[in-house]
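One letter stands for each residue in the lines below.
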Amino acid sequence: MTSYSTNEFKSGLKVMLDNDPCNILENEYVKPGKGQAFNRVKLRNLKTGRVLEKTFKSGDVLEGADVIDVEMQYLYQDGHFWHFMQTETFEQLSAEAAVVGDAAQWLKEQDICLVTLWNGIPLAVTPPNFVVLKIVETDPGIRGDTSGGGGKPAKLESGAVVRVPLFVQPGELIKVDTRKGEYISRVKE
Amino acid sequence: MSKSNWRPAADIATLKLRAKILADIRTFFAKRNILEVETPLMCSAPVTDPFLDTLQIHYQNKIWHLQTSPEYAMKRLLCAGSGSIYQLCKAFRSDEMGKHHHPEFSILEWYHLGFDHHDLMDEMDEFLQYVIQTKPAKKLSYQQLFEKYLNVNPHIIADEELKIITQTNCGIKGDDKLDRDDYLNLLMTHSIEPQLDKDQPVFIYDYPASQAALAKIRQDNPPVAERFEVYIQSIELANGYHELTDATEQIKRFHQDIEKRKKLNLPIVPIDHYLLSAMENGLPDCAGVALGVDRLALIAAQKENLSDTMAFNHGCI
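The listed protein sequences correspond, in order, to chains A and B.
Residue numbers for the first sequence follow this note's numbering, so the first one is 256 and each next one is one higher.
Residue numbers for the second sequence follow this note's numbering, so the first one is 248 and each next one is one higher.
Read the hints as simulated data drawn from the structure, not as lab findings.
Errors might be hidden in some of the hints.
[To be verified] Across the chosen pairs, the derived CB separations fall in these ranges:
| id | chain 1 | residue 1 | chain 2 | residue 2 | range |
| --- | --- | --- | --- | --- | --- |
| 1 | B | Lys263 | A | Glu318 | 43 to 53 Å |
| 2 | B | Lys445 | A | Ile323 | 37 to 47 Å |
| 3 | B | Gln447 | A | Asp273 | 38 to 48 Å |
| 4 | A | Met256 | B | Gly529 | 31 to 41 Å |
| 5 | A | Glu351 | B | Pro350 | 45 to 55 Å |
| 6 | B | Lys445 | A | Glu318 | 57 to 67 Å |
| 7 | B | Asp406 | A | Val325 | 48 to 58 Å |
| 8 | B | Asp422 | A | Asp324 | 45 to 55 Å |
| 9 | B | Asp342 | A | Gly406 | 52 to 62 Å |
| 10 | A | Glu346 | B | Asp406 | 21 to 31 Å |
| 11 | B | Asp406 | A | Val316 | 36 to 46 Å |
| 12 | B | Lys420 | A | Gly356 | 24 to 34 Å |
| 13 | B | Lys263 | A | Asn300 | 43 to 53 Å |
| 14 | B | Lys420 | A | His335 | 31 to 41 Å |
[Said to hold, decoys possible] Below, in silico cross-link-like pairs of lysine-lysine (PhoX-like), each with a Cα-Cα straight-line distance of 25 Å or less:
| id | chain 1 | residue 1 | chain 2 | residue 2 |
| --- | --- | --- | --- | --- |
| 15 | A | Lys289 | B | Lys346 |
| 16 | B | Lys424 | A | Lys309 |
| 17 | B | Lys267 | A | Lys289 |
| 18 | A | Lys389 | A | Lys363 |
| 19 | A | Lys302 | B | Lys424 |
| 20 | A | Lys407 | A | Lys443 |
| 21 | B | Lys263 | A | Lys289 |
| 22 | B | Lys263 | A | Lys265 |
| 23 | B | Lys510 | A | Lys297 |
| 24 | A | Lys265 | B | Lys550 |
| 25 | B | Lys346 | B | Lys267 |
Heads up, the beta-carbon is just placed ideally off N, CA and C, and yes, glycines get one too.
Given these sequences and hints, build the entire structure.
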């Protein structure tokens with residue numbers, strides 16, 4: 256694996272720190288006029304999600320982390336593991352609930368999502384930015400109320416709960432922005 | 248067709264502000280009868296400071312260094328009887344690149360005869376009020392500063408305690424190659440600088456003797472270097488000394504720098520014998536200061552990056 260010296264640090268670079276893969280979020284060059292140079296670095300530990308602040312002496316070297324994002328199809332979950340497949344090679348892999356995390360509430364079987372792999376092991380799952388899901392539970396719609404004022408909670412087939420306008424009916428399909436967890440529109444079948 | 252981004256890094260309004268700053272600087276010194284000088288950017292013996300790395304060029308089978316500051320040449324002029332002088336020029340420092348660093352930058356350096364570091368701080372205060380309309384500066388000694396923000400006395404804190412405080416405050420691992428001054432510098436850049444007063448310039452003076460560079464050391468208990476730094480909005484803007492004038496002590500400081508370079512595997516640079524000869528002839532008592540002109544423009548223009556103040560930065564030349 257490639258190594259990176261402090262002068263190659265930049266945001267987005269994936270490096271190993273204390274045996275964990277990390278993503279560099281920010282990198283700042285610090286040097287007092289009469290002192291030696293350091294890099295102040297903010298990193299996200301990709302296993303735990305924690306953000307760390309570290310300082311490296313100019314010239315220090317970190318090993319690169321073999322981290323890649325792969326588009327995969329979500330197949331099913333068996334109670335313990337979530338199963339994904341690479342659509343071109345049909346290669347399958349499974350991820351624990353902790354790895355899938357919050358993405359779980361947006362995943363519907365057959366949907367394409369982004370799986371972050373470190374040395375082939377899944378680290379994180381990112382759902383598509385927009386998903387279309389069926390409402391399985393909400394108060395009956397108030398016909399004709401398209402004012403957009405107010406709103407009500409609606410439970411979706413994947414498990415997530417989002418706020419929807421009052422006119423939306425149980426059983427309808429809606430489009431949701433998964434980054435904000437927000438209702439976008441109704442979708443015709 | 249080439250798609251190179253040929254446009255300037257700075258906007259035209261900032262370039263106009265920069266030009267006004269340069270004009271105001273010259274007016275400030277003209278009013279005080281301080282002489283403008285120009286010295287070569289190329290030199291055979293650069294400043295020996297261990298952490299200033301030079302850019303080099305080849306000419307007539309010799310390696311020349313681009314100056315990291317005009318300090319030595321200007322001191323030779325002082326020794327030759329120039330009287331108080333200032334210079335606006337370019338300086339170069341290898342591998343320095345960041346939000347507030349650029350390998351090629353503009354520097355203002357001035358020397359005032361008969362001044363000590365307190366007199367020069369007063370003049371710096373007037374300078375900043377005149378050129379970028381700051382409020383009057385606040386002055387704190389290095390010791391007061393560390394006591395105020397970290398509740399430690401930087402001159403007497405034990406090495407081990409200093410190391411631990413730095414590691415917890417700055418997220419750095421223990422490293423045999425870091426010494427006391429490295430730890431103090433880290434606390435300064437990571438913990439103290441961000442907390443400095445943003446409304447007025449902050450002048451810090453009387454540094455540990457180990458950070459004297461070319462400042463006079465005053466034999467207090469403990470001894471301190473008659474050096475000062477200027478901060479505005481947490482940005483290190485200038486560094487000044489009550490200048491060392493003793494040639495024998497100067498030779499000692501040169502050798503200390505070279506020894507430190509050897510210890511840290513840094514490039515070894517030759518000693519400037521022109522400067523030594525000049526100082527043997529006699530450097531008049533004076534105080535001198537170097538100021539980053541791009542940083543001054545950055546503060547005046549309220550920009551984020553040094554390159555926002557430059558016509559063309561290193562990414563587009």
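Evaluated hints:
no. : hint                            : result
1   : B:Lys263 - A:Glu318: 43 to 53 Å : holds, 48 Å
2   : B:Lys445 - A:Ile323: 37 to 47 Å : holds, 43 Å
3   : B:Gln447 - A:Asp273: 38 to 48 Å : holds, 42 Å
4   : A:Met256 - B:Gly529: 31 to 41 Å : violated, 60 Å
5   : A:Glu351 - B:Pro350: 45 to 55 Å : holds, 48 Å
6   : B:Lys445 - A:Glu318: 57 to 67 Å : violated, 39 Å
7   : B:Asp406 - A:Val325: 48 to 58 Å : holds, 50 Å
8   : B:Asp422 - A:Asp324: 45 to 55 Å : violated, 34 Å
9   : B:Asp342 - A:Gly406: 52 to 62 Å : holds, 56 Å
10  : A:Glu346 - B:Asp406: 21 to 31 Å : violated, 56 Å
11  : B:Asp406 - A:Val316: 36 to 46 Å : violated, 27 Å
12  : B:Lys420 - A:Gly356: 24 to 34 Å : holds, 30 Å
13  : B:Lys263 - A:Asn300: 43 to 53 Å : holds, 47 Å
14  : B:Lys420 - A:His335: 31 to 41 Å : holds, 38 Å
15  : A:Lys289 - B:Lys346             : holds, 18 Å
16  : B:Lys424 - A:Lys309             : holds, 17 Å
17  : B:Lys267 - A:Lys289             : violated, 29 Å
18  : A:Lys389 - A:Lys363             : holds, 10 Å
19  : A:Lys302 - B:Lys424             : violated, 31 Å
20  : A:Lys407 - A:Lys443             : holds, 20 Å
21  : B:Lys263 - A:Lys289             : violated, 31 Å
22  : B:Lys263 - A:Lys265             : violated, 32 Å
23  : B:Lys510 - A:Lys297             : violated, 30 Å
24  : A:Lys265 - B:Lys550             : holds, 21 Å
25  : B:Lys346 - B:Lys267             : holds, 23 Å
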